[in-house]
Amino acid sequence: MDKARANSHPDLVDELRTRIEREGRITFAHFMRIALYHPGYGYYVNSVARPGRGGDFLTAPEAHPIFGYTLARQIAQMADLLGRPQPFTLREYGAGAGTLALALLEGLHVERPDLLPTLRYEPVEINPARLSDLRRTLIDDGFDVQLAGPSETSLTGCILANEFLDAMPVHRVVMQDGALAERYVVWRDGWFTEESGPPSTPALEHYLADGGIELVDGQIAEINLEMTDWIGTIAARLARGYVLLIDYGYRAAKLFGPDYRDGTLRAYYQHTVSDDPFRAIGNQDLTAHVDFSALERSARAHGLYVLGLTTQADFLSGAGIGELLVAAQQWEGMTFDDYVALRSAVIRMIEPGAMGRFRVLILGRDVPENEPLIGLSTTL
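Just so we're on the same page, this note's numbering is the position in the sequence shown counted from 1, plus 1120.
It is worth saying that the hints were derived from the structure and are not from the lab.
Where hints are given, some of them may not hold.
Just the calculated beta-carbon pair ranges, DEER-fashion [unchecked claim]: (1) ASN1127 - ALA1461: 26 to 36 angstroms; (2) VAL1306 - ASP1337: 20 to 30 angstroms; (3) SER1464 - THR1498: 18 to 28 angstroms; (4) ALA1299 - ASP1200: 44 to 54 angstroms; (5) GLN1296 - GLU1346: 18 to 28 angstroms; (6) THR1392 - ARG1420: 35 to 45 angstroms; (7) SER1316 - TYR1459: 45 to 55 angstroms; (8) GLU1231 - ALA1268: 18 to 28 angstroms; (9) GLN1206 - VAL1306: 54 to 64 angstroms; (10) SER1497 - ALA1299: 39 to 49 angstroms; (11) GLU1491 - ALA1268: 24 to 34 angstroms; (12) THR1498 - ILE1467: 16 to 26 angstroms; (13) PRO1488 - ASN1127: 45 to 55 angstroms; (14) THR1353 - ARG1463: 38 to 48 angstroms.
C-beta atoms are modelled at their ideal positions from N, C-alpha and C, and glycine is treated no differently.
Please work from the sequences and hints to get the whole structure.
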């Protein structure tokens, strides 16, 4: 407990404790929302630079820009299939400091410069400091013409979210003696812990019923109610185009099956992973695997067409990462050591035991359904 307290943000601990003492207990979703998104102390909002090699984990865009270069090929095909609308809007949720955006725009600049004059890039990022860094980076690299603020009007183009949904607050539930219970966060013996009680909302039982999910006695699971609401929000914003979602998770049959009887909640702190959400509060990331069955179900309910689900490995392969890797040998300034590092990064991106197992879901509205996307050459 002493180490957990020492590595936690004291003001955030005090605020959480005060809320619990006032309300008696709070849902884990409430706890997770405050720990990650508190406007002053939350993990994703405070001024500490993350993710990255100096942070708590490494995402594919940060492993090497070739990830963004490859996505640029898919984005270019989407623009072509839509008839090159003016503008073609690329809205990225969880844009961070612009690592992926810069690589995407650089990839288009090299391979499809004809698309750049009509491309409008709209970053959505909760952290003002990171958004400022993103703007500075894109402007310094000559992409100020493409940079725009999120519009409230409907858009034609592509909505992109890479490793965004897994950090949405989740409710924790457990099956006890044949009845669904929810795990609440309480303050006991000087620190945070969990206790079970009746579900805080009927939506939790409806979620499981709608997905045909049957938990066994003693099984713990996470339910992301905000994710399905978010799909409704972006569906309302998308007049015509695509939604490209990249995250780790599975369809419900596997996610709520025997491999994950203890749930998928994970905490990341200084490149270590644990299942303890109550250490380094405000200074560690909290994630849970994405239920892609629920995403597909919600997308259809909001008028979006499910174009396909695949792995990141197959998506990147179909979009041409192998071709880019071969071509990289001729890139200006490429050294032997640089190429070895690049090849190692690509292997990690497509390795089934690493990032390659991530899922890629593409949705569409009013798009050519008989024109296959290059990233969906292989689907699940």
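Hints and how they fare:
1. ASN1127 - ALA1461: 26 to 36 angstroms: holds, 31 angstroms
2. VAL1306 - ASP1337: 20 to 30 angstroms: holds, 23 angstroms
3. SER1464 - THR1498: 18 to 28 angstroms: holds, 24 angstroms
4. ALA1299 - ASP1200: 44 to 54 angstroms: holds, 53 angstroms
5. GLN1296 - GLU1346: 18 to 28 angstroms: holds, 25 angstroms
6. THR1392 - ARG1420: 35 to 45 angstroms: holds, 39 angstroms
7. SER1316 - TYR1459: 45 to 55 angstroms: holds, 54 angstroms
8. GLU1231 - ALA1268: 18 to 28 angstroms: holds, 22 angstroms
9. GLN1206 - VAL1306: 54 to 64 angstroms: With Cβ atoms ~55 angstroms apart, the hint holds.
10. SER1497 - ALA1299: 39 to 49 angstroms: For ALA1299 against SER1497, whose Cβ atoms are near 45 angstroms apart, the range 39 to 49 angstroms holds.
11. GLU1491 - ALA1268: 24 to 34 angstroms: holds, 27 angstroms
12. THR1498 - ILE1467: 16 to 26 angstroms: Check passed, 18 angstroms falls within 16 to 26 angstroms.
13. PRO1488 - ASN1127: 45 to 55 angstroms: holds, 51 angstroms
14. THR1353 - ARG1463: 38 to 48 angstroms: Holds, since THR1353 and ARG1463 (Cβ atoms, about 39 angstroms apart) stay within the stated range.
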